[in-house]
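2 protein chains.
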Amino acid sequence: MSTALFDYYQTNRERHLEGLLQLLRIPSISTLPEHKPDIRRAAEFLANELREMGMKNVEIIAGKENQHPLVYAEWLEALGKPTLLIYGHYDVQPADPLEEWVSPPFEPAIRNDNIYARGAVDDKGQVYLLCKALEGFFKTQGKLPINVRVLIEGEEEVGGEHIDEYVAAHPDRLKADAALVCDTEMFAPELPTITTGLRGLVYTELEARAAAHDLHSGQYGGAAPNPMQALAEMINRLKGPDGKILIPGFYKRVKKPTAQELASWKRLPFNEKNFMKKEIGTTALVGEKGFSVLERLWARPTLEVHGFRGGFTGEGAKTVIPAASTAKISMRLVPDMNPKEVFRLYSAYVKKITPKGIRTSVRVLSSAPASVVSTDSRWIAAGAEAMEQVFKKKTVFMRSGGSIPIVGTFQRCLKIPSVMMGFGLPDDNLHAPNEKFHIPNFYRGIEAVGRYLELLAQ
Amino acid sequence: MSTALFDYYQTNRERHLEGLLQLLRIPSISTLPEHKPDIRRAAEFLANELREMGMKNVEIIAGKENQHPLVYAEWLEALGKPTLLIYGHYDVQPADPLEEWVSPPFEPAIRNDNIYARGAVDDKGQVYLLCKALEGFFKTQGKLPINVRVLIEGEEEVGGEHIDEYVAAHPDRLKADAALVCDTEMFAPELPTITTGLRGLVYTELEARAAAHDLHSGQYGGAAPNPMQALAEMINRLKGPDGKILIPGFYKRVKKPTAQELASWKRLPFNEKNFMKKEIGTTALVGEKGFSVLERLWARPTLEVHGFRGGFTGEGAKTVIPAASTAKISMRLVPDMNPKEVFRLYSAYVKKITPKGIRTSVRVLSSAPASVVSTDSRWIAAGAEAMEQVFKKKTVFMRSGGSIPIVGTFQRCLKIPSVMMGFGLPDDNLHAPNEKFHIPNFYRGIEAVGRYLELLAQ
Numbered sequence: 009m010s011t012a013l014f015d016y017y018q019t020n021r022e023r024h025l026e027g028l029l030q031l032l033r034i035p036s037i038s039t040l041p042e043h044k045p046d047i048r049r050a051a052e053f054l055a056n057e058l059r060e061m062g063m064k065n066v067e068i069i070a071g072k073e074n075q076h077p078l079v080y081a082e083w084l085e086a087l088g089k090p091t092l093l094i095y096g097h098y099d100v101q102p103a104d105p106l107e108e109w110v111s112p113p114f115e116p117a118i119r120n121d122n123i124y125a126r127g128a129v130d131d132k133g134q135v136y137l138l139c140k141a142l143e144g145f146f147k148t149q150g151k152l153p154i155n156v157r158v159l160i161e162g163e164e165e166v167g168g169e170h171i172d173e174y175v176a177a178h179p180d181r182l183k184a185d186a187a188l189v190c191d192t193e194m195f196a197p198e199l200p201t202i203t204t205g206l207r208g209l210v211y212t213e214l215e216a217r218a219a220a221h222d223l224h225s226g227q228y229g230g231a232a233p234n235p236m237q238a239l240a241e242m243i244n245r246l247k248g249p250d251g252k253i254l255i256p257g258f259y260k261r262v263k264k265p266t267a268q269e270l271a272s273w274k275r276l277p278f279n280e281k282n283f284m285k286k287e288i289g290t291t292a293l294v295g296e297k298g299f300s301v302l303e304r305l306w307a308r309p310t311l312e313v314h315g316f317r318g319g320f321t322g323e324g325a326k327t328v329i330p331a332a333s334t335a336k337i338s339m340r341l342v343p344d345m346n347p348k349e350v351f352r353l354y355s356a357y358v359k360k361i362t363p364k365g366i367r368t369s370v371r372v373l374s375s376a377p378a379s380v381v382s383t384d385s386r387w388i389a390a391g392a393e394a395m396e397q398v399f400k401k402k403t404v405f406m407r408s409g410g411s412i413p414i415v416g417t418f419q420r421c422l423k424i425p426s427v428m429m430g431f432g433l434p435d436d437n438l439h440a441p442n443e444k445f446h447i448p449n450f451y452r453g454i455e456a457v458g459r460y461l462e463l464l465a466q
Numbered sequence: 009m010s011t012a013l014f015d016y017y018q019t020n021r022e023r024h025l026e027g028l029l030q031l032l033r034i035p036s037i038s039t040l041p042e043h044k045p046d047i048r049r050a051a052e053f054l055a056n057e058l059r060e061m062g063m064k065n066v067e068i069i070a071g072k073e074n075q076h077p078l079v080y081a082e083w084l085e086a087l088g089k090p091t092l093l094i095y096g097h098y099d100v101q102p103a104d105p106l107e108e109w110v111s112p113p114f115e116p117a118i119r120n121d122n123i124y125a126r127g128a129v130d131d132k133g134q135v136y137l138l139c140k141a142l143e144g145f146f147k148t149q150g151k152l153p154i155n156v157r158v159l160i161e162g163e164e165e166v167g168g169e170h171i172d173e174y175v176a177a178h179p180d181r182l183k184a185d186a187a188l189v190c191d192t193e194m195f196a197p198e199l200p201t202i203t204t205g206l207r208g209l210v211y212t213e214l215e216a217r218a219a220a221h222d223l224h225s226g227q228y229g230g231a232a233p234n235p236m237q238a239l240a241e242m243i244n245r246l247k248g249p250d251g252k253i254l255i256p257g258f259y260k261r262v263k264k265p266t267a268q269e270l271a272s273w274k275r276l277p278f279n280e281k282n283f284m285k286k287e288i289g290t291t292a293l294v295g296e297k298g299f300s301v302l303e304r305l306w307a308r309p310t311l312e313v314h315g316f317r318g319g320f321t322g323e324g325a326k327t328v329i330p331a332a333s334t335a336k337i338s339m340r341l342v343p344d345m346n347p348k349e350v351f352r353l354y355s356a357y358v359k360k361i362t363p364k365g366i367r368t369s370v371r372v373l374s375s376a377p378a379s380v381v382s383t384d385s386r387w388i389a390a391g392a393e394a395m396e397q398v399f400k401k402k403t404v405f406m407r408s409g410g411s412i413p414i415v416g417t418f419q420r421c422l423k424i425p426s427v428m429m430g431f432g433l434p435d436d437n438l439h440a441p442n443e444k445f446h447i448p449n450f451y452r453g454i455e456a457v458g459r460y461l462e463l464l465a466q
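Heads up: the sequence lines are chains A and B, in that order.
If you want our numbering, it's the 1-based position in the first sequence plus 8.
If you want our numbering, it's the 1-based position in the second sequence plus 8.
Keep in mind that the hints are not guaranteed to be accurate.
To be verified - The following residues of chain A were derived to be distant from chain B, with all beta-carbon distances above 12 Å:
no.	residue
1	Tyr16
2	Arg21
3	Asn65
4	Ala103
5	Leu106
6	Gly150
7	Arg245
8	Leu246
9	Arg261
10	Ser272
11	Leu276
12	Glu280
13	Val294
14	Pro343
15	Arg352
16	Ile366
Said to hold, decoys possible - Here are some chain B residues the structure puts well away from chain A; computed CB gaps all over 10 Å:
no.	residue
17	Val66
18	Lys147
19	Arg207
20	Ser369
21	Gln397
What the hints assert, rightly or not - Calculated cross-link-like contacts (lysine-lysine; reagent style DSS-like; alpha-carbon spacing at most 30 Å):
no.	chain 1	residue 1	chain 2	residue 2
22	A	Lys89	A	Lys44
23	A	Lys364	B	Lys89
24	B	Lys297	A	Lys260
25	A	Lys297	A	Lys260
26	A	Lys364	B	Lys252
27	A	Lys260	B	Lys326
28	B	Lys359	B	Lys423
29	A	Lys264	B	Lys326
The hints are simulated quantities; they were obtained by calculation from the structure and are not laboratory data.
C-beta: ideal position from N, C-alpha, C; glycine also.
With the hints as constraints, model all of the structure from the sequences given.
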């Protein structure tokens, strides 16, 4: 890293931390309407930061009524250099249960080298380190080493569609060579990590209908079809006790991770017993035989039941055979499964296994393909090198079992890969009380992103 | 029937109907606290009727706070004659949805020989016909032909415990040879019917716990145990798709109905297609092979799932693997199954089929044995004869798949059989809008009960 830039990052640490504390004091909870003014304040706070450091065309994009604004900025004067699209989100999860917080969620407190506050790591700390990394270049060189667009949203925690709509509608304005997404975590403390893959999702509702109206189980039990019993039967035929999904053709497009990827996962410091007992708190793990836990989580599709609607769920006993019941069932997808095809196979199989006397219908509630970036990509390679130089340790590659929809959107609408450099830690309590961000990772994040831009300029 | 009694019943029809309309105008809904004064009014209305006709020791038994009163009356001057305990209830179900009533639920209206009102058949019409039957004897003979105790409750529709507690505490005061319960229906119009058996019940909650806290299905799906999937698996192992319950030992005490009983059920005018399509509204019936529909409903035990608690059931998609989920599961019992033993077998089997990584617990919410009265019993035989003489048709015997807890209570605490003479019709809309009572059945009910008392005196 250039000496001037390095020195700037070092000597401004206290000021950078102070800036982050200000951003964390804004309770920009996206799901609660009463916090709409705070959402606006957080967006303006970041727009000001970007404007003051020297970014151009800084804009707060309001969107439709009830949508939260996007913050956009660009600097495109690095002729002949690549363009990076930088993504983050300024909205946060609600803070309840409040009584479990050691210090109030919107009065950031520092203890043991951590900042405790709602949004500390998810994602304000990571958004702010991106800003400070850019600021360093303007302050020391008057310019950025590459072209940069910044797009920060305020609806990530509510699955809002503003950013999707905007990206789909403005592929030219957002034209870039790659995206940098800072909204993930490191595999373990001190272990620089890039996330190279995400699972996709097909989330469905499966409704089973039997009688024309609710029935009394005394009067009709033994002859009338029961839609809850039917759903239980069908779920058993969708996934066996061995974790194998029984939908014909379900696995046919599943692509194995590369040998290198598998080998690198084996080297990760993963303790299965700790994962089971401490992280999950159970006595046994489940899943497909012949695959390691990390493979099952990152590289194998799965099917889960999330809830049953219908019937009686109150206190006490009600002897009802409900007329209808609905199960929420999702499937996580891996490359190269096609969500549309998966839903088609699922629907056809559901029809086939519907017990007699039952009418079923399925609908899809959300759907996204898996995404994976090759570790050979120059965008990933530079990210790995930048992190390695800052953390003084070899960067590891992991995948995530979850989905970050924006990564799919960038891929689909802009045709660009996303580099997921994350600086969170596994115990940072995302979405939970006492969310934190490890302060050394905040500083190293600034440096790693600064170094990444330098490397991309070479 | 004695001519004087017959004439009395005939000439007082209009007055009897008018009295019933008065009782039906009292909205004695037991589940709604704001109707507490109406509950009291209905109890007083009946106490007055009983007192005025000549019954002795008429008493309104208040019970504990929040309990609804019992109405008690007795007349015990028929030396050497048997004693009959007459049961009914004066409370009714709520009337909603109100907009579906053709005439207001508490403004009884007469259309096509039916009285439409909430409580018309369940159970005010049947309670009132019992009173009018007794009144006829006092008015024409100044006495009853047998000894009679009357016990009417106000908590039947809410499953209240007042009457159970009272019967258990006062076996001497309630000493009788048999009970007469008028709270059932006829198998078909014009077909005099006595219900001779009821199924018992073991209603349970089965809880499955997995992780220490809710998990994100993206992050953990494929390795973490899912309690909803586990419950679906277990339900499949409790009851097969063929309706067979798989709990070891479950069927061992099941007693077949007698050959006569089975033969009599075969003669009942039962149309399986109508039952399936019109009554239930489905395309196929389910249940154990080798048993007729009526056998499956009345003489075979069953197991039903009523609801699942836990997980996500709101609108939209939430990718949660819940830490715990609870299923409501009940079993209907037939003679001679023992509820305690059934629960023991169930609990042991649940433990055995609990999948790895899951901790289960079961608890029983309510429990009652099946009951059956022999059609040879003199109490039943006299009832059948009385109904036959009034309806001019042979009385049929049916069972019911449901439970009437008071019948078990009388059996257990007083050691007496219950004779269930019912005058409702299958389409009387119990618990639903436009509840009705067929007026000719009200009159025939008065006569049949009068004749029953005469026969018991012989």
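Hint-by-hint comparison with the structure:
No beta-carbon of chain B comes within 12 Å of the beta-carbon of A/Tyr16; the shortest separation is about 37 Å. Even its closest Cβ contact with chain B, about 32 Å, leaves A/Arg21 beyond 12 Å, as expected for a residue assigned away from the interface. Non-interface status of A/Asn65 relative to chain B is upheld: no Cβ of that chain comes within 12 Å, the nearest being about 35 Å off. The claim that A/Ala103 lies off the interface holds: its Cβ sits roughly 17 Å from the closest Cβ of chain B, which is beyond the 12 Å cut-off.
At roughly 18 Å, the least C-beta separation between A/Leu106 and chain B is larger than 12 Å, which holds for a residue marked as non-interface. The beta carbon of A/Gly150 sits about 43 Å from the closest Cβ of chain B, which is more than 12 Å, so the claim that it is off the interface holds. At roughly 9 Å from the closest C-beta of chain B, the C-beta of A/Arg245 falls inside 12 Å, breaking its exclusion from the interface. Against chain B, the non-interface label of A/Leu246 is violated: not every CB pair exceeds 12 Å, the least being about 9 Å.
No beta-carbon of chain B comes within 12 Å of the beta-carbon of A/Arg261; the shortest separation is about 17 Å. Remark: the non-interface label on A/Ser272 is consistent with the geometry, its nearest Cβ contact in chain B lying 19 Å away (cut-off 12 Å). The claim that A/Leu276 is not at the interface with chain B holds, since no C-beta of that chain comes within 12 Å of its own (minimum 15 Å). Distance check on A/Glu280: its Cβ comes as close as 9 Å (rounded) to a Cβ of chain B, failing to clear the 12 Å threshold; non-interface status is violated.
Interface exclusion of A/Val294 from chain B breaks down, the closest Cβ pair being 5 Å apart, not more than 12 Å. For A/Pro343, the condition that its CB be more than 12 Å from all CB atoms of chain B holds, with the nearest at approximately 15 Å. Distance to chain B confirms A/Arg352 as a non-interface residue, since its nearest Cβ pair spans about 19 Å, more than 12 Å. Not every C-beta of chain B lies more than 12 Å from that of A/Ile366, the closest at about 8 Å, which undercuts listing it as non-interface.
B/Val66, annotated as away from the interface, keeps every beta carbon of chain A farther than 10 Å; the closest lies near 34 Å. No beta-carbon of chain A is positioned within 10 Å of the beta-carbon of B/Lys147; the least distance is around 39 Å. With a least beta-carbon separation of about 6 Å from chain A, B/Arg207 fails to lie farther than 10 Å from that chain, contradicting its non-interface assignment. The beta carbon of B/Ser369 sits about 15 Å from the closest Cβ of chain A, which is more than 10 Å, so the claim that it is off the interface holds.
Against chain A, the non-interface label of B/Gln397 holds: every CB pair exceeds 10 Å, the least being about 29 Å. Our distance criterion of 30 Å between C-alpha atoms is broken by A/Lys89 and A/Lys44, whose separation comes to about 39 Å. Restraint check for A/Lys364 and B/Lys89: the C-alpha separation of about 56 Å exceeds 30 Å, so the hint is violated. Distance hint between B/Lys297 and A/Lys260 is unfulfilled; the C-alpha atoms sit about 39 Å from each other, more than 30 Å.
Under the criterion of a C-alpha separation no larger than 30 Å, the hint pairing A/Lys297 with A/Lys260 is consistent with the structure, at around 18 Å. Between the alpha carbons of A/Lys364 and B/Lys252 the distance comes to roughly 16 Å, so the proposed pair stays at or under 30 Å and holds. Between A/Lys260 and B/Lys326 the CA atoms are separated by roughly 27 Å; this keeps the pair inside 30 Å, and the hint holds. Annotation: proposed proximity of B/Lys359 to B/Lys423 is violated, straight-line Cα distance about 36 Å (limit 30 Å).
Taken as a hint, the A/Lys264 and B/Lys326 pair is honoured in the structure, with Cα atoms around 28 Å apart against an allowance of 30 Å.
In this structure, the hints that do not hold are numbers 7, 8, 12, 13, 16, 19, 22, 23, 24, 28, in rising order.
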